[in-house]
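Using the sequences plus the hints, can you model the full thing?
Protein chains: 2
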Amino acid sequence: MSKLALLGGEQTIVEETSKPRNWRVSESFEEAFAKYVGVKYALPVSSGQTALNSALAGAGVGPGDEVIVVSFTWVASVSCVLHMNAIPIFADIDPRTFTMDPEDVRRKITPRTKAILPVDIYGHPADIIELKKIADENGLILVEDSAQATGARIDDKVVGGIAHITAFSFAGKPLASSSGGIMTTDDRGLYERAALAGQHPSLLSGVITDPELRKYVSTGGYGDNHRPDGRAMASAHEGLKTMDERTDARIENATFLTAELSKIEGITPPYVKPGVRHVYHMYTCLYDADHFSVSRDRFVDALNAEGLRTWTYIDGPNYVHETDGTPMHVGPLHHRPVYQELDLYGKGCPFKCPHGITPKYEIGSLPVTERITKQEFNFLQGDLSQPHGIDMMKKYVEAVQKVVDNIDELKE
Amino acid sequence: MSKLALLGGEQTIVEETSKPRNWRVSESFEEAFAKYVGVKYALPVSSGQTALNSALAGAGVGPGDEVIVVSFTWVASVSCVLHMNAIPIFADIDPRTFTMDPEDVRRKITPRTKAILPVDIYGHPADIIELKKIADENGLILVEDSAQATGARIDDKVVGGIAHITAFSFAGKPLASSSGGIMTTDDRGLYERAALAGQHPSLLSGVITDPELRKYVSTGGYGDNHRPDGRAMASAHEGLKTMDERTDARIENATFLTAELSKIEGITPPYVKPGVRHVYHMYTCLYDADHFSVSRDRFVDALNAEGLRTWTYIDGPNYVHETDGTPMHVGPLHHRPVYQELDLYGKGCPFKCPHGITPKYEIGSLPVTERITKQEFNFLQGDLSQPHGIDMMKKYVEAVQKVVDNIDELKE
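Each protein sequence line maps, in turn, to chains C and A. Using this note's numbering, read the first sequence as starting at 1 and increasing by one per residue. Using this note's numbering, read the second sequence as starting at 1 and increasing by one per residue.
Everything labelled a hint here was simulated from the structure, so no lab data went into it. Given the structure is predicted, the values throughout are model-derived calculations rather than measurements. It is possible that some hints are incorrect.
[What the hints assert, rightly or not] Only some residues are given here: those of chain C computed to face chain A with a beta carbon under 7 Å: (1) 63; (2) 85; (3) 232; (4) 354.
[To be verified] 35 Å max Cα-Cα, derived DSBU-like pairs, lysine-lysine: (5) A:215 x C:352; (6) C:215 x A:374; (7) A:215 x C:215; (8) C:347 x A:108; (9) C:395 x C:374; (10) C:157 x A:19.
For each residue, glycine too, the CB sits at the ideal point set by N, CA and C.
Okay, structure coming up:
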């Protein structure tokens with residue numbers, strides 16, 4: 001009878017059996033990304049949405065709290081607020097950058113405001129410097145939705161290292177992978193709370209140091225699953241090494257386009273604020289329907305027919321690749337039924353939460369947002385990126401010029 | 001001046017530019033999986049958790065609704081209820097299969113009950129036939145958490161085609177992939193509501209036919225992101241082709257282990273209900289501490305030291321691969337702080353939701369669950385799977401026998 005291995009004897013089984021799984025799949029990517037944006041902490045997650053969900057958990061946003069958001073954005077930038085049972089309050093946007101208007105933010109702050117959530121829409125960073133000042137003055141957390149703007153900069157500061165928390169997305173974005181996202185912050189407390197939103201208990205056990213938060217480790221915090229796909233993170237990690245170079249090539253194409261398109265009356269190419277590095281997830285122009293006496297949507301149809309893929313991002317139907325023909329509700333988010341009817345989970349939840357004040361999202365209450373929605377049209381990141389170069393950009397200009405030259409034929 | 005392409009002229013750009021993305025990444029896998037379990041609809045998602053979140057959305061569970069669950073399970077089986085702002089009500093388990101006790105379910109039904117959510121824990125299906133009867137008698141939706149039991153059967157019916165809705169997981173499960181999960185149902189209405197929980201508007205646009213639900217298409221329904229990683233789905237699709245064969249090999253190993261371990265007094269190998277195909281995500285035995293006069297946890301330590309990886313699933317610390325040494329709260333879910341303190345999102349939300357009745361989760365209220373938690377120990381799927389065969393199983397038996405033969409040395 002041999003001695004037990006636990007007491008110093010020989011092991012019965014020397015062959016390999018299963019090892020504890022390391023749920024922290026991408027520690028080296030965490031480090032690389034945190035270093036890239038210049039912060040201490042990065043939390044890889046399953047999507048841009050779950051990066052935002054984590055960010056709001058990090059900010060301590062809860063039932064009835066108000067979060068100032070924009071309506072000129074993708075659904076995730078606001079549904080993340082609803083998922084915390086908090087109340088989104090919409091601020092209007094700047095008419096040139098299409099990002100959150102700091103002055104309107106000041107007007108929308110109430111004693112219930114907990115966070116401000118601007119969006120770096122299309123790859124142009126919001127006015128994070130000014131918004132951070134407002135947040136700090138009012139004891140609020142600034143959560144930046146940089147899903148479309150990985151690699152963007154303001155005066156050589158990389159987005160992800162400026163706001164209190166920043167959320168990034170990878171699916172089809174400037175740092176592209178098959179899925180996933182990442183959240184960054186320089187604040188340990190925000191990082192730990194954010195991890196509670198959707199990480200595995202075994203990961204949390206090694207991350208959560210705050211004694212107040214340790215008690216939530218065993219339920220995986222809020223018990224959602226924000227864990228990323230390991231292979232998707234490996235691809236993103238690889239892509240990060242060449243992202244800046246590829247972005248520079250896209251910026252070069254965009255700069256050429258802007259120089260040429262600015263010569264066409266009635267078309268306004270994208271504005272870039274001085275000191276900003278716009279990464280052009282989309283290349284967004286404004287169309288003056290009054291000048292042309294042809295609707296923006298018909299103009300867009302004509303560009304698509306010329307082989308230049310063009311869509312209207314906020315007026316969603318161009319996304320729809322399968323349809324039964326029923327029109328989809330589009331326009332800025334506050335126009336859509338969930339917000340107009342104040343009901344997500346049923347029974348008015350979370351809009352009519354007794355912990356908060358029931359909001360009202362009036363049509364016409366965000367005049368710049370509502371105007372730009374009707375004027376914008378977009379070319380896509382992929383079409384401005386390698387292998388496409390200046391020769392291809394010349395064809396895009398040619399296509400726009402052709403439609404403009406023949407605009408009278410589009411009148412109905 | 002050439003004619004516009006929209007009006008029949010030549011296209012300016014003949015080179016390929018970007019195409020609309022098809023968010024329905026894995027239609028062929030959807031079809032293959034639906035066919036495998038014998039239903040009309042399968043919804044690929046990012047994890048077992050999001051499969052459950054989708055399932056509860058499908059069941060129409062909302063604020064204040066009660067869902068009958070078990071406490072002897074992974075956190076996701078219950079946190080999915082909290083994410084709908086609904087109230088989990090715990091039923092006890094069967095002492096042999098460790099799955100939901102139908103008799104206790106009958107006692108827990110109230111006018112607020114909306115769904116019953118049993119778990120096929122460790123790969124042994126719950127008593128879905130009886131639970132379906134109870135659900136149908138009471139107008140409730142039966143949501144089966146089959147995260148650990150892909151390929152399990154009851155009387156030749158494959159799980160996934162029996163309950164109203166079934167949720168599966170892939171990360172390290174019987175059908176393994178790098179991430180992801182899938183939800184199945186034979187009911188069009190349940191499928192459409194489930195898709196609203198976390199799918200892209202462009203996918204929803206092609207899926208949602210119910211006029212009542214179409215209005216939520218433009219916000220991506222509830223606006224969460226449950227979309228799977230495409231490569232993870234491709235791997236799962238490939239794995240499905242050989243899953244049954246690999247599971248049969250594991251069942252053969254488990255059958256051998258059970259024949260041998262049942263000879264050891266004080267150890268009870270896993271029970272398999274007649275007619276059931278147990279897929280052994282874990283191989284779970286009960287340990288009789290009174291018989292051995294040595295604690296279960298010390299016995300488990302001794303098995304691990306022999307090289308046989310062994311853990312106690314519900315008493316969680318064996319998961320923890322990184323730790324700061326602070327003890328983690330473990331045991332059945334209803335013992336853990338979120339449930340004892342009735343607070344998830346802050347302000348008592350959702351437990352104290354005014355739309356429901358505040359529950360109380362008493363220690364000792366689920367006697368079978370609480371007893372089994374202290375008696376069980378588990379070997380892992382990977383250690384019973386190929387390439388391990390009967391020779392390796394003999395070593396596992398040898399390791400158990402050695403520890404039992406030397407049990408007196410473990411007394412402290």
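Hint check results:
no., hint, verdict
1, 63, "holds, 4 Å"
2, 85, "holds, 5 Å"
3, 232, "holds, 5 Å"
4, 354, "holds, 6 Å"
5, A:215 x C:352, "holds, 20 Å"
6, C:215 x A:374, "holds, 21 Å"
7, A:215 x C:215, "violated, 40 Å"
8, C:347 x A:108, "holds, 24 Å"
9, C:395 x C:374, "holds, 25 Å"
10, C:157 x A:19, "holds, 34 Å"
This entry does not satisfy hint 7, going by the numbered hints stated previously; all others are met.
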